[in-house]
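In case you want the letters, here they are:
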Amino acid sequence: MRVALFVTCLVDTLFPEVGKATVRVLESAGVRVEFPREQTCCGQMHLNAGSRDVARTLAERFVRVFDGYDAIVAPSGSCAGHVRAHVPEFVDGGDRGVPERVFELSQFLVDELGVTETGSSFTGLLTYHPACHSLRMLRVGSAPLRLLERVPGTELVELPDAETCCGFGGMFAVKNADVSSAMLDEKLENVLATGANAVCACDSSCLMHVGGGLRRRGSSVSAVHLAEVLAP
Amino acid sequence: MSDASRTAPPLAFPEAARRAVANAQVRANVRLAQNAIRAKRASVVGELRDWEALRDAGAAIKRDALARLDELLAQLETSVHDAGGQVHWARDANEANAVVVGLVQQTGAREVVKVKSLLTDEIGLNVALADAGIEALETDLAELICQLADERPSHLLVPAIHKNRREIRDLFRERLGRPDLADEPGELAEAARAHLRAAFLRAGVGISGANFAVAETGTVCVVESEGNGRMCTSLPQTLITVMGIEKTIPAWQDLEVFLQLLPRSATGERMNPYTSLWTGVFPGDGPQEFHLVLVDAGRTRALADPVGRDALRCIRCAACIHVCPVYRQVGGHAYHSVYAGPIGAILQPQLSGERGQPGSLPFASSLCGACGDVCPVRIDIPRLLVHERERVNAAQSARRETVPLQAIGRAFASPKRYERAQRLARALQRLVVSDGWFVRFPGPLAGWGRSRDLPAVPRETFREWWRRERGA
Amino acid sequence: MNAAREEMLARVRAATADVVLQDLPPVPRDYVRRGGRSRREVVELFSRRVADYRAEVALLAEKYLGRPLKEIDLSAMLRDLVQGATKYGIEIPTDFMMVGKALMTLEGIGKQLDPDLDVFGDGTVVVKSAPGHTPGHQVLFVKLPKRGPVVLAGDLYHYPEERATGRTPTFEFNAEQSAVSRKKIEAFVKQNKAELWIEHDIATHAKLPKAPAFIE
Numbered sequence: 000m001r002v003a004l005f006v007t008c009l010v011d012t013l014f015p016e017v018g019k020a021t022v023r024v025l026e027s028a029g030v031r032v033e034f035p036r037e038q039t040c041c042g043q044m045h046l047n048a049g050s051r052d053v054a055r056t057l058a059e060r061f062v063r064v065f066d067g068y069d070a071i072v073a074p075s076g077s078c079a080g081h082v083r084a085h086v087p088e089f090v091d092g093g094d095r096g097v098p099e100r101v102f103e104l105s106q107f108l109v110d111e112l113g114v115t116e117t118g119s120s121f122t123g124l125l126t127y128h129p130a131c132h133s134l135r136m137l138r139v140g141s142a143p144l145r146l147l148e149r150v151p152g153t154e155l156v157e158l159p160d161a162e163t164c165c166g167f168g169g170m171f172a173v174k175n176a177d178v179s180s181a182m183l184d185e186k187l188e189n190v191l192a193t194g195a196n197a198v199c200a201c202d203s204s205c206l207m208h209v210g211g212g213l214r215r216r217g218s219s220v221s222a223v224h225l226a227e228v229l230a231p
Numbered sequence: 000m001s002d003a004s005r006t007a008p009p010l011a012f013p014e015a016a017r018r019a020v021a022n023a024q025v026r027a028n029v030r031l032a033q034n035a036i037r038a039k040r041a042s043v044v045g046e047l048r049d050w051e052a053l054r055d056a057g058a059a060i061k062r063d064a065l066a067r068l069d070e071l072l073a074q075l076e077t078s079v080h081d082a083g084g085q086v087h088w089a090r091d092a093n094e095a096n097a098v099v100v101g102l103v104q105q106t107g108a109r110e111v112v113k114v115k116s117l118l119t120d121e122i123g124l125n126v127a128l129a130d131a132g133i134e135a136l137e138t139d140l141a142e143l144i145c146q147l148a149d150e151r152p153s154h155l156l157v158p159a160i161h162k163n164r165r166e167i168r169d170l171f172r173e174r175l176g177r178p179d180l181a182d183e184p185g186e187l188a189e190a191a192r193a194h195l196r197a198a199f200l201r202a203g204v205g206i207s208g209a210n211f212a213v214a215e216t217g218t219v220c221v222v223e224s225e226g227n228g229r230m231c232t233s234l235p236q237t238l239i240t241v242m243g244i245e246k247t248i249p250a251w252q253d254l255e256v257f258l259q260l261l262p263r264s265a266t267g268e269r270m271n272p273y274t275s276l277w278t279g280v281f282p283g284d285g286p287q288e289f290h291l292v293l294v295d296a297g298r299t300r301a302l303a304d305p306v307g308r309d310a311l312r313c314i315r316c317a318a319c320i321h322v323c324p325v326y327r328q329v330g331g332h333a334y335h336s337v338y339a340g341p342i343g344a345i346l347q348p349q350l351s352g353e354r355g356q357p358g359s360l361p362f363a364s365s366l367c368g369a370c371g372d373v374c375p376v377r378i379d380i381p382r383l384l385v386h387e388r389e390r391v392n393a394a395q396s397a398r399r400e401t402v403p404l405q406a407i408g409r410a411f412a413s414p415k416r417y418e419r420a421q422r423l424a425r426a427l428q429r430l431v432v433s434d435g436w437f438v439r440f441p442g443p444l445a446g447w448g449r450s451r452d453l454p455a456v457p458r459e460t461f462r463e464w465w466r467r468e469r470g471a
Numbered sequence: 000m001n002a003a004r005e006e007m008l009a010r011v012r013a014a015t016a017d018v019v020l021q022d023l024p025p026v027p028r029d030y031v032r033r034g035g036r037s038r039r040e041v042v043e044l045f046s047r048r049v050a051d052y053r054a055e056v057a058l059l060a061e062k063y064l065g066r067p068l069k070e071i072d073l074s075a076m077l078r079d080l081v082q083g084a085t086k087y088g089i090e091i092p093t094d095f096m097m098v099g100k101a102l103m104t105l106e107g108i109g110k111q112l113d114p115d116l117d118v119f120g121d122g123t124v125v126v127k128s129a130p131g132h133t134p135g136h137q138v139l140f141v142k143l144p145k146r147g148p149v150v151l152a153g154d155l156y157h158y159p160e161e162r163a164t165g166r167t168p169t170f171e172f173n174a175e176q177s178a179v180s181r182k183k184i185e186a187f188v189k190q191n192k193a194e195l196w197i198e199h200d201i202a203t204h205a206k207l208p209k210a211p212a213f214i215e
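Chains as they are written, first to last, in numbering that gives the first Met the number 0: chain V, 0 to 231; chain G, 0 to 471; chain W, 0 to 215.
Simulated from the structure, these hints should not be mistaken for laboratory data. Any given hint could turn out to be false.
As the list claims (entries may be wrong) - The calculated label-pair distances, taken between Cβ atoms and stated as ranges, are: (1) W/E198 <-> G/D81: 33 to 43 Å; (2) W/A178 <-> G/H80: 38 to 48 Å; (3) W/R33 <-> G/E110: 39 to 49 Å; (4) W/E43 <-> G/A82: 46 to 56 Å; (5) W/L112 <-> G/R196: 36 to 46 Å; (6) W/V31 <-> V/A161: 46 to 56 Å; (7) G/R196 <-> W/M97: 30 to 40 Å; (8) V/G140 <-> G/Q24: 33 to 43 Å; (9) W/R12 <-> G/R196: 40 to 50 Å; (10) V/A161 <-> G/R416: 37 to 47 Å.
Quick reminder that beta carbons are idealized off the backbone N, C-alpha and C, glycines included.
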């Protein structure tokens, strides 16, 4: 099985450690990972900002770059969700079945490989924030939790009001910064109320926002990506 | 009837939201109300094992109705005529107001009683009536409160959600002449009831909106919780119903779907306390004159958009508002629009056709998708929000925001330009980062930096690492 | 207003010109629907569950019959009746529902005025319409505690022989109506195992006690 890593522009540029962790996790599950260098961005941010033409160009690129792989794995529920949900409607001349083969990391491990243990040595009290697009667009369901539950040194505590959006929303975070911050405040209240050492999610976008808020408050609670928790 | 929030030019959403977020009372009220209604709604929806099938039917009936709207409107008109009612057509708000004012004037009445109707708010009917020397008394308790306080309603279903009981007590003490009123809910309700009962008994004209109008039979349906609708539609001699054309449904049978979807979605109840249905006039019982005013006011514009027209399915349940995390922080006033929340962010620009302040509304969302999940008629609200964003961008003369995005888009279209952009960002940031974090937040980053830290672009991107470590 | 009408309809048609009606799938009605059975199906289903139905009625009778108003929650009773009927595919006539609704509305006042009221009563005195002799003719059904059920014929019959021959007086207002009424009352008499007293008949009259004596 040929598996390609779709690292996503955000992880590539700002959170390369998440990308590295994703590779380690996949390799520990016996997957040989390839990285098509031609990849750039899936275009979600552009579609959501109302730039349909740019989103189309990037969608067509995506299909060309990742055609030929049996599975394309991304450490992002929103990017994977965007490709599956929206790329098909953009691509004139067919999507060659590429979008159906795109998976978010936990989805790939649990649903495709049947793997729930990754040899992680992460320890601590952890709470999980289900990012909106992984929850509602991609519908990863319980896959992330099933993986987190099997991390030996880690205890999971439920996040109150977990399914309420953290307030990132792409450009929304800067275009509507005040509301975004107000939404963040409530999410942080809930995170801190759990007493967890770390909050975890499948999406670096949410983590950047939540982590940025935690650090600004001087909190010792860290925001970690699922891949970083699972990585051996 | 004027007030600051109605005559001042509407603020674009980011600014309106900034002010709203600073109002702790509103945020607390909205949070409380949302938590309560979310729980109720989830509970009653969970009781039905055929909820998804009902949603499928509701969406399909509405889709069909909109597709055949011309046929159904003609049929509705005939059915109403046959039942002894009269039908009037109004292309826009002004025409609708003129028709209604004319009808009221024909009766000689100087006062009308009204059931809550978003459409009449939308067209500004109360103002038009006042200009003609006719007083329109709102009879829904929350609408009454807003009217007495000279404020715009702030929520589709709970218009006075922004007021707590103490504020209401003070208002009633002053405006209803009840100086010794306590803030006990029973007493407040009784004060309102006494005030309203007098109005109902003397009213010669009632004005209502409509939740649904059945083309097959000419029946109009209004659902409500308090009974004032029943009073307004059965006591006066003359009844005028003002309705958006999109409220038309094909057949009597279709009510069985919507009368399950609406109450559970709206107020978390299995049934509305009052569901009123009337068809034309019945000699000797109820209003002896019935007028149905069919209003366009931008609906045909929305209908003409093959993607956007789905928003016209809306049955005004406000379930999307109940679950919206943005609404939770700002309340309804920040939308400066009769239709607030997720569906309002689509309907307002569609119906008004304006790009100004309404153009800021489709961006007032993090696209979390909670709304689409609960919409009883399966409107894909996030998709429509994105669609409206495209339309706003296409029409916008100032392209301040679209230019950078287009530039980023061009960069992302080529791996070489993409990598160059990454290196450029890393180089430029040196001026504003320290120790791996941003310390100043210039330009578009300013909004971010007010409440959040931002990590600097690391020394090595993932792909640079991969090239170095893995060779390929 | 006609100009508005024509323009609006034209706008609607133009707006939906892209829709191909035949391509629209039919409305799926997979939601739960009551009343989807034919009459025969309802009857068949009911006939299989008669024993259960009787038991259910007995339960409700126990719960509500003969109890004073102050012990009854009328809205709960209405709900029990509706749920019970729906369970067995029985439709409750609209008039009955309206009576129930009226009772619920009056409940509060009723409980203040007469908390001991027997809501259902026991049907001991019933006036029954039986037109024919006159347009408004009636007979009276009385359930006497000791004597048992009795129907006072009024002018339904004047002689016992009329019951066998079906003859009516020449001045009968509407003889056909009388025949129908007689058939109905005869059936009622049989069903309730009642005595039919023809007061006009001198022989019957002779046997009855006269005031101040009475029949209990």
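Structure-based check of each hint:
no.	hint	result
1	W/E198 <-> G/D81: 33 to 43 Å	violated (53 Å)
2	W/A178 <-> G/H80: 38 to 48 Å	holds (46 Å)
3	W/R33 <-> G/E110: 39 to 49 Å	holds (44 Å)
4	W/E43 <-> G/A82: 46 to 56 Å	violated (39 Å)
5	W/L112 <-> G/R196: 36 to 46 Å	violated (23 Å)
6	W/V31 <-> V/A161: 46 to 56 Å	violated (32 Å)
7	G/R196 <-> W/M97: 30 to 40 Å	violated (24 Å)
8	V/G140 <-> G/Q24: 33 to 43 Å	holds (38 Å)
9	W/R12 <-> G/R196: 40 to 50 Å	holds (46 Å)
10	V/A161 <-> G/R416: 37 to 47 Å	holds (39 Å)
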